Amino acid sequence: MPDDKRVAILGAGMHPWGKWGRNFVEYGLAAAGDALAEANLPWTSIQYVAGADTIRNGYPGFVAGATFAQALGWTGARVSSAYAACASGAQAINNARAQILAGLCDVALVIGADTTPKGFFKPVGGDRKDDPDWLRFHLMGATNPTYFALYARRRMELFGATEEDFAAVKVKNARHGLENPYARYRKEVTADEVLASPMVADPLRLLEICATSDGGAALVLCSMEFAKRHAGNKDLVTIDAVSTVTPRFPQAIIEMPNFSTDSSVAASSVGPTFKNSIALAAYEEAGIGPEDVSLAEVYDLSSALELDWYEDLNLCKQGEAERLLRDGDTTLGGRVPVNPSGGLSCFGEAIPAQAIAQVCELTWQLRGQATGRQVEGARVGITANQGLFGHGSSVIVSR
Amino acid sequence: MSTAKTRVPAIEGWFTLDEDAPALLGSACTSCGNIAFPKETYFCRNPECQGREFAETPLSRTGKVWSYTDACYQPPDPYVPADPYVPFALCAVELAAEQMVVMGQVVPGIGVDDLTIGTEVELVLDVLHEDDEHEYMVWKWRPVGATSSETSEGAAGA
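Chains as they are written, first to last, in the numbering used here: chain A, 1 to 399; chain B, 1 to 158.
Hints in this document: simulated from the structure, not taken from any laboratory.
All figures in this text were calculated on a predicted structure; none of them were measured in a lab.
Even glycine gets a Cβ: it sits at the ideal position worked out from N, Cα and C.
Hints are supplied without guarantee of correctness; some may be wrong.
[Unchecked claim] Some chain A residues near chain B, calculated using beta-carbon distances under 10 Å: (1) Tyr59; (2) Lys129; (3) His138; (4) Leu139; (5) Gly141; (6) Ala149; (7) Lys187; (8) Ala191; (9) Ala196; (10) Pro198; (11) Pro290.
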């Protein structure tokens, strides 16, 4: 890939995921400090700060880029703050990347961090009858897991997925995350334990639905020219694609927080589904195909949803995800390990940090630094995530 | 005693209050015919269409279950739960004429064990929550031929 189409990852940093209730800025600064240390750059050399916003921490969260920049000490660096639900981190990465590729800056710092309340995510407060996210809770009591459960039930019906398959995803990811120092849950679970955990939204059980977590992640990104000057000609890890495509009308699959799909009366639904199109755009941008992928970090908001991603990333054909799982292809040591970090299953979701954390993991994997969970010989990694309201992302990283 | 309360919609303009044959109220674009629920009021969502005028259109009262689940734990505010909380089922329903899928709660007494993908369901009105003077009504789905149960025990599908 030509140097004017990719950016280098000089440093990655994370604050461990957990549930402490401290100020989100603290997690973000810890991650930023680690990323800068890995990059061997002082904060004062950063020309552009891209913050991923959090909507549950008041005004400082809405302007996260500036909040982090002020906390690190004003330097006059340019700044952006981005909110895109679960894809916020990818938007921040893309903001920094666009600035670098446009030649407007050489080196940028991307930061996302969150502090989350306990329990189900709920909508922003107030009495807001023109906000579908507020209305779906009020009129239907439809929490996020109920939407994940609708998809899980479809897999069972269409492709013969079983509760045991869903449990096996959790067992796999729990094992993957055991040695990850940043994971919140580092405990092996058995299929029996998963299947004995309380039902939350049939057919999904408590141990199969991702928690909400505190956490922070950061990346130092730069131009290829800057990287070669600063870091020499050693193997650089680069970002080769950031896909942030929107769905295409008519969207025939029900999506959070909607009450209905689009109608296909006036226009036929043709072409790939939204989640599939996110990955296809990333592959096209990077000029590679799914056969080139060494590993993937995907949004396992539920255990069943991870199986959907196998197909949406074209790691297998539709209806073959269960076979891929059962054959061990997506387990560490298999053909294309998925969520070697342990995934959301071991982390829980810290919304604005999560898409950045996915790229941190890929960076360490491609450098061979993912101790205890290393995918041997990893050359290319892909991330996938989906937020509400038509936001989603996929990032491709290579070495 | 609940009969003394005034029945009002939990949200204005989303469905008719016809107790026997209620219908969801969608919009039909007068230019391209695109149907939307809830109603579109400003711009047509069809990217090929410049339409800005919409006719209110009642949606099909019956459809087939596209998928289903339940809410075993009490949803957070602004859901107004019964006290004590009673789990309920939810389903997404394919409407053939409209070529779309619409979600909704399933009536009390019908749980996930009573549903399959493809089950034919019809739209009914039911109480979402109530206060001293009002019953706030919402649409729910009920399997065709099933009667709304007096008991809610089955709703958890346990």
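So, going through the hints one by one against the coordinates:
no.: 1; hint: Tyr59; result: violated, 22 Å
no.: 2; hint: Lys129; result: holds, 6 Å
no.: 3; hint: His138; result: holds, 4 Å
no.: 4; hint: Leu139; result: holds, 6 Å
no.: 5; hint: Gly141; result: holds, 4 Å
no.: 6; hint: Ala149; result: holds, 4 Å
no.: 7; hint: Lys187; result: violated, 22 Å
no.: 8; hint: Ala191; result: violated, 20 Å
no.: 9; hint: Ala196; result: violated, 14 Å
no.: 10; hint: Pro198; result: holds, 7 Å
no.: 11; hint: Pro290; result: violated, 27 Å
Hint compliance for this structure: hints 1, 7, 8, 9 and 11 are not met, and every other hint is.
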